[in-house]
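J.: Residues per chain are reported as follows:
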Amino acid sequence: MQYVIEVNGTARRVDVDGETPLLWVLRDKLDLKGTKFGCGAAQCGACTVHMDGQPIRACQTPIASVGTARITTIEAIGQTPVGQHVQAAWIELDVPQCGYCQAGQIMSATALLTHTPAPTDHDINDAMSGNLCRCATYTRIRAAIKRAADLGRT
Amino acid sequence: MLRRRNFLKASLAAGGGLLLTATLRGPAGAATLGTAGPDAVALNAYVRIAPSGQVTITAKNPEIGQGVKMMLPMLIAEELDVAWADVQIEQADLDARYPGQVAGGSTATPLNWLPMRQVGAAGRQMLIAAAAAQWGVPAHDCATEPGKVVHPASGRSLTYGALASQAAAIPVPDLAKLPLKDPKSFRIIGQPTRNIDVPRIVTGQPMFGIDVSVPGMLYAVFQKCDVHGGKLVSSNVAAIRGLPGVRAAFEVKGGADLRGLLDGVAVVADSWWEANRARQQLDIIWDEGDITGQSSESFAATAARLAKGKPESSIRRDGDVAAGFAKAAHVIEAAYHYPFLSHINLEPQNCTAHYADGRMEIWAPTQNPAPGSKLVAATLGIPESAIKVHMTRVGGGFGRRLSNDYMVEAAWIAKVVGAPVKLVWTREDDMRHDFYRPAGYHFFKGGVDANGRLIALSDHFVTFSQDGAIAASADMGPTEFPARMIDHLDYGVSMIPLRAPTGPLRAPRSNGLGFAFQSFLDELAHTAGRDPVQFALDILGPPRLLPDPPGPRVGPGFHTGRMRGVIELVAEKSGWGKTKLPKGTGMGLAYYFSHLGYFAEVVQATVDAEGAIVVDKVWVAGDIGSQIINPLNAEHQAQGAALDGIGTALGQGLHVRDGKIVQGNFDTVLPLRMRQSPPVEVHFRVTEFPPTGLGEPALPPALPALANAIFAATGKRIRSLPLKDQDLSATA
Amino acid sequence: MIRLSLVATVLASLLSVAAARAEDATARGEYLARAGDCVACHSVPGGKAFAGGLKMATPVGTIATTNITPDPETGIGRYTLDDFDRALRRGVARDGHHLYPAMPYPSYAVMADDDVRALYDYFMHAVPPVRQANLPSDIPSHLSPRWPLAVWNALFAPSPGFTPNPGHDARWNRGAYLVEGLGHCGACHTPRGWAWQEKSFGAGDPAFLAGANLDDWSASNLRRNVATGLGTWSEADIIAFLKTGHNTHASAYGSMSEVIANSTSYLTDDDLAAIAAYLVSLPATQAETPWRYDPATATALQSGHADAPGARLYAGSCQACHRETGAAAPPYVPPLAGNPTVLDADPASLINVVLNGTAPLVAKGRPDAYRMPQFRAQLTNRQVAEIVTFMRASWGNQAPAVTADEVAAIRKRTEPSTDRIVPLRMR
Ligand code: FES
Ligand code: FES
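Chains as they are written, first to last, in this note's numbering: chain A, 1 to 154; chain B, 1 to 732; chain C, 1 to 427.
Worth flagging that the hints you see were computed from the coordinates, not collected in a lab. Certain hints may be false.
Simulated crosslink set (EDC-like; lysine to aspartate or glutamate; CA at most 16 angstroms straight-line) [stated by the list, open to error]: (1) C:Lys48 to B:Asp357; (2) C:Lys48 to B:Asp283; (3) A:Lys29 to B:Asp270; (4) C:Lys412 to B:Asp725; (5) B:Lys415 to B:Asp487; (6) A:Lys29 to A:Asp17.
Predicted, not measured: the structure shown is a model, and the values here were computed from it.
Make the full structure from the sequences, and use the hints.
T.: Structure representation (C-alpha cells):
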C-alpha cells in the first residue's frame with residue numbers, strides 16, 4: 001500500500017503494509033535512524049517523534065494512521081529554536097552516556113518546552129517519565145531542560 | 001564492503017545536520033571525531049599526524065557509555081603533548097595490534113593508565129628525535145609545547161605536522177624507560193572534558209550497531225526456545241516463507257553451549273518489521289528438556305530447605321563461629337534474597353554480518369569483540385583471519401555484551417542467506433535470552449557483644465550451579481566483607497541446579513552480595529543500638545592493608561583506611577546524624593569495595609502511608625586513587641551507577657516459571673524513570689593510590705543504602721528485592 | 001437417538017451455507033468445532049489438541065475440562081453418535097453422569113442433528129486420539145453429587161432443537177442458530193441468575209446478550225444500546241470485529257481474544273454476516289444518550305495543562321498511543337473516546353485491561369501488531385482509578401467514576417495477560 005507522509009517538511013512516499021509502525025518506516029525505509037527502537041511497546045520512549053508537534057511513540061503509530069500529520073524526527077528537531085536550545089543544553093551539560101535513549105529524550109523535552117517554556121520539576125517528571133534512560137542520565141536531563149529553558153529566555 | 005561512512009555523510013546532509021553544525025559546533029578547544037586523512041602519517045598504531053598538525057588518535061576499546069572513547073585518547077594526547085582541540089578521535093575495529101579491546105570489570109583505567117600514556121610519550125620522544133636530528137642538537141635539549149617541538153636555547157620550533165614523516169621513521173623507543181609527565185603538569189588529564197560524540201547523538205546521526213546500513217542488506221529475526229537450550233523438534237517454517245516480504249526462513253541447529261549458537265528458526269525479510277511479523281506466525285514444537293524445579297517458587301523452597309542443613313562447601317572459616325555466638329550479647333538471624341536480573345540494555349541485541357567470497361564482515365555493538373570473532377570462526381568454520389569485526393557505538397553494555405551470542409547468530413544467518421543481514425532482537429528476545437545476574441539467597445546469623453561490636457558472623461549462601469559447576473557470576477569469594485576484620489566467621493555455600501544461563505552484570509557478584517551483607521550489617525548495628533557509621537568504623541578498625549589470600553582472583557587487598565575515608569566523607573556531606581528528618585523519612589548508609597574502588601553512599605528516602613517510596617537524595621563518596629582522568633565523566637559514571645542501583649532495587653526482578661523467564665518488556669521489569677530519579681551528589685577523595693575504574697564500584701552500595709533508608713523511615717526491614725513487590729503501606 | 005424432525009429438515013436447507021462449502025463431513029465438522037470453539041476449553045496451551053485439562057473456575061469450585069479425543073480409554077473413543085449427542089445437547093456423559101454447565105450444552109442444544117453428526121464424525125475420524133487421563137475436579141464434596149444437575153437442567157436448560165423464526169429471513173435465522181447455539185455467546189454475554197444459569201437463551205428475551213460480569217471481565221452488551229452496547233456498530237463493524245478482533249470502535253481483549261483466535265476468525269463471511277444481521281436486530285435494553293465527541297479534553301491535553309485528576313497520569317502513560325484526542329489509531333490501537341468498554345457502567349474490563357494488558361490478538365494464526373501492555377507494576381490502585389475515571393469522563397464519555405478499592409479488588413483476583421502467542425492447535 002502506498003502512503004505519502006510528511007517527514008521533516010518533506011513529502012515521502014513509502015510502499016508498506018498499513019499496520020507497519022512509523023518507527024520502522026522511518027528507520028528502514030526512509031533511512032532516518034535517529035529514532036530508536038527500545039521496546040516496541042510504548043514503554044521506553046526511544047522512538048519518540050513529533051506528530052503535529054505532539055510527542056508520540058513511533059513504535060505504536062501505524063503508518064496508516066498518520067494521514068496528513070506533520071512528522072518531525074530528531075534529525076530535524078534542530079530546525080526550531082526550542083530544539084536548538086535543547087540540543088545546545090544537551091551538549092553543554094554533556095548529558096548522554098551511551099546516548100541510545102537521547103533522541104527520544106530530546107523529542108520529549110522539546111515538546112515540553114514548546115508548550116511549557118519554564119517547566120517545574122513536576123512538569124519535567126510528568127513529561128519525561130515515558131522516556132527511559134538505562135544509563136540513568138536523569139539528573140543531567142533535568143538540568144539540561146532547565147538550561148534550555150534559560151537559553152529560550154535570553 | 002563498508003559504505004557506512006558515506007552513508008553518514010549523506011544522511012547528515014539530508015537531515016537538519018548542516019544547519020546544526022553552524023550553531024552547535026562543540027565548544028572551542030574540544031577534540032572532534034573523524035578519520036585521519038590520507039596525508040596523515042602513522043607514528044604508531046594509535047597516533048597519526050597530518051601535515052596540518054591535526055592528530056588522529058585511535059580509541060581502541062568498545063564505547064558502551066562509560067566514556068572510554070574519550071579517556072584513552074586523553075591519556076595519549078596528554079603525553080604526546082598536543083592541544084586537545086587538534087585531536088581527532090577514531091574508533092578502532094577489532095585489531096590484533098590493540099591489546100585488551102574489552103569493556104568490562106572497570107579495568108580500562110588500571111590496565112591502560114600507564115600503557116596509553118607510554119604510547120603518547122613514545123610518540124613525543126620520536127617527534128623530539130626527529131626535530132633534534134633536523135636541528136643537529138641533542139634530543140635532551142629539546143622540549144615540547146602542545147603540538148610542537150621547541151629548542152629553547154635557539155628559540156627554534158617545528159610543528160608536529162612538519163615532523164611527522166621523519167618521526168615515523170625513527171625506531172619506537174623502549175616504552176618502559178620513557179619519562180612520563182609529572183601529574184602536576186597535566187593539561188588534559190584531570191580536565192572536565194565533554195564527550196565529543198554528543199553533537200552527533202543529539203542530532204540523531206547513525207552510530208549504534210542497530211543503525212548500521214550496508215547496501216543490499218536484509219533483516220533477520222531469530223526465534224529460540226524460551227527454555228534456554230531447548231531443542232527444535234519441528235516447525236511450520238515452510239508456511240512462513242510465503243509471507244509478505246520474507247526472503248528466507250529456515251531452521252538452525254545449534255549446539256549445547258548456551259553462549260554459542262542455539263537451535264532456532266531464522267526469518268529473513270526485506271524489512272525488519274516484515275521479518276518479525278512473519279516470525280510471529282511461527283508454530284514451533286520444542287523439546288524443552290527437563291524443567292523440573294526450574295521456577296522461582298521452587299528455587300526459594302529449595303533454598304529454604306538447604307538452609308536447614310549444613311552448607312555443601314565452605315568458603316571461609318575463621319575462629320569458632322559457634323563460640324562467638326555463644327559469647328555474643330545479641331544474636332540475630334535473617335534470610336535475604338535478590339532476584340534474577342536482565343541487563344536490559346536500551347539498544348536491544350543486534351548485529352550486522354556479511355559473508356562473501358570466503359570473508360565475513362561484522363558490525364557489532366559488543367563489549368568484547370575478540371571472543372566473538374573466535375566464536376564465529378569456530379561455529380561457522382571460517383578462519384579467524386577471514387573475519388573482520390567493526391565495533392559500533394554500543395547502546396548500553398552492563399556486561400550483557402561480553403557474550404557474543406547475537407554475533408554468531410547474525411553471522412550464521414548471513415552465511416546461509418549470502419547477503420548482508422542485520423539481525424535485531426525484540427525486547428522480549430532480549431529479556432528472555434540474557435545471561436542473567438543470578439538470584440541469591442543468604443541465610444545470615446550475626447552476633448554483637450555487650451559493647452555493640454560485631455564479633456561473629458555466618459552466612460549460608462544458596463546460589464546456583466550450571467552443569468555441576470557454580471554458575472557464572474554466582475560465586476562468593478573468601479574476602480567478602482567483613483571477612484578478615486572479625487574474629488569468628490563462617491561462610492558456606494550450597495547450590496541449586498539452574499537451566500538459565502548467568503553472567504556478569506555491572507558490578508557482578510557485588511551487586512547482589514552488597515545488598516545482602518550491607519543490609520544485614522545495618523540490621524546488626526540497629527540490634528546493637530549503634531549508629532551504623534560508628535558500627536562500620538568499628539568493624540574496619542585502624543587504617544591498614546589487608547592482603548588477599550592467594551587464589552584465582554587475588555588482588556591488591558583491601559585497605560581499611562580508604563574505606564573509612566569514604567564513609568567519613570559521605571557522612572559529612574550528607575549531614576549524617578545531624579539532620580532532623582520528618583516522620584516517614586530516613587537515611588541509610590552502605591559502603592562497598594569492588595573493582596578496586598571504595599564507595600560509601602547515603603540514601604535519603606520517604607515512604608508515605610500508601611507505601612509509595614520517594615528517593616529524596618543520594619550522596620556518593622568514592623576513592624578511586626590519585627587521579628581522575630576525566631572528572632566530568634567520572635561524576636556522570638558515579639551518578640549513573642548509583643541510580644542504576646536505585647532503579648534495580650525499586651523495580652527490577654525476573655521470575656522463572658517452567659524454565660522460562662516470565663517478564664518480557666518494560667511493563668513488568670521497571671527501569672528507573674525520571675519521576676523516581678533523585679539528585680545525586682558525588683564526592684571523590686583523592687588518595688595516593690594508582691587510578692582505578694569507575695563504571696561499576698559506585699553501584700553496589702546504592703541498593704542496601706536505599707533498603708537501610710527505608711528501614712530508618714518505616715522500621716520495616718527490606719530483606720528481598722525488588723521493592724515494587726513489597727507492601728510498605730502503613731496497614732501492611 | 002437422532003430424529004430428523006420436520007423442523008430440522010427445513011433447517012437443513014437453511015444451513016446449506018456451511019454445508020455447501022464443506023467437501024466432506026469431517027471438514028464440515030471441523031468448521032463446526034471452530035464455530036463452537038471446542039478447542040478453547042478442551043485444550044491447554046502447549047498441550048495436545050482436545051486432550052482437555054483446562055482448569056475452569058466456577059462458583060462452586062474448579063473443574064477441569066475433559067479429553068474429547070477419540071482415545072477409547074481416556075477420551076470419547078467409545079462414544080456412539082447417541083452418546084455424543086446426549087453429552088453435547090443434554091449434558092449427560094456416556095456413563096450417565098451429568099456434566100457441569102460450564103460445558104455450554106444448554107446452548108449446544110440448539111444444534112441441528114446433521115451438525116451433531118458432522119461434529120461427531122470430525123472428532124472420531126479427524127482428531128488424533130490422545131491418551132491423557134482426565135484431571136479430577138476440586139468441587140467441594142457437599143456440592144459434588146451430580147444429581148442436582150439434573151434438577152438444574154430441568155429448571156434451566158432448554159430442550160434440544162432450533163425453531164426458525166418465520167418472521168425473519170434465512171440469514172437472520174442462520175445468525176440466530178450460530179449465536180444462540182454453537183457460538184454460545186450467551187455463556188459470557190448474558191447475565192446469569194441465582195443458580196449461575198444464563199437468564200435467557202434467545203432473542204426474545206431482553207436479558208439475552210445484555211452484558212454480564214464474568215471473572216472480572218465485563219462481557220459487553222451486544223444489543224443496540226447506543227452508548228454501552230453495539231448500537232452504533234454497523235453490520236460491517238461487527239463482521240470486522242469477529243474476523244480480526246478489531247474495528248474502528250474497539251479491539252477485543254480478555255477471553256474474547258481467544259474466541260477470535262480459535263473460532264470466529266475462521267468463520268465464513270456468510271456466517272459472520274448472518275451473525276451480524278442477527279445481532280443488529282436485538283433491541284436496546286434501555287434508551288441511552290448517544291455518545292458525542294467533546295474536544296475539550298484534547299485541547300487541554302494538547303496545551304500540556306490538563307488539570308483534571310488523572311489527566312497528567314494519562315498524558316504520561318496512555319497518551320502516546322491513545323492520543324490526546326482519545327481517538328488512537330483504529331483499527332490497530334483502539335479509541336477510548338466512545339468505546340463501549342470505556343462507557344460500560346461496569347468498569348471491570350477497563351480496569352482489568354489497564355492492570356493486566358491484553359494478550360496478542362491472533363486471527364487465523366496471524367497475531368496483531370499492537371498490544372496493550374500491563375500497568376499493574378507501574379501504577380498504584382489510586383493511579384489506575386484516576387486514569388480510568390479520567391477516561392470515562394473525557395472526550396464526551398460519560399461513565400461513573402471508579403474507586404481505588406474497585407481497582408484493588410480486581411488487582412487481587414486477576415493475573416497479568418501474557419505477551420506470548422500461544423497457539424491452540426486443532427490437529
Ligand atoms: S520503542 Fe517505542 S516506546 Fe520503546
Ligand atoms: S544514555 Fe544510555 S540509555 Fe540513556
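J.: CA of Lys48 (chain C) to CA of Asp357 (chain B), is that 16 angstroms or under?
T.: Distance ~47 angstroms between Lys48 (chain C) and Asp357 (chain B) Cα, so the pair is violated.
J.: For a C-alpha distance cap of 16 angstroms, please report whether Lys29 (chain A) and Asp17 (chain A) respect it.
T.: 12 angstroms, holds
J.: Holds or violated: Lys415 (chain B) with Asp487 (chain B), Cα cutoff 16 angstroms?
T.: 60 angstroms, violated
J.: Does Lys29 (chain A) pair with Asp270 (chain B) here, judged by a C-alpha cut-off of 16 angstroms?
T.: 10 angstroms, holds
J.: Going straight from one Cα to the other, do Lys48 (chain C) and Asp283 (chain B) come out at no more than 16 angstroms?
T.: Roughly 14 angstroms between the alpha carbons, so the hint for Lys48 (chain C) and Asp283 (chain B) holds.
J.: Lys412 (chain C) and Asp725 (chain B) were given as a pair; does the straight-line alpha-carbon distance stay at or below 16 angstroms?
T.: 13 angstroms, holds
This entry does not satisfy hints 1, 5, going by the numbered hints stated previously.
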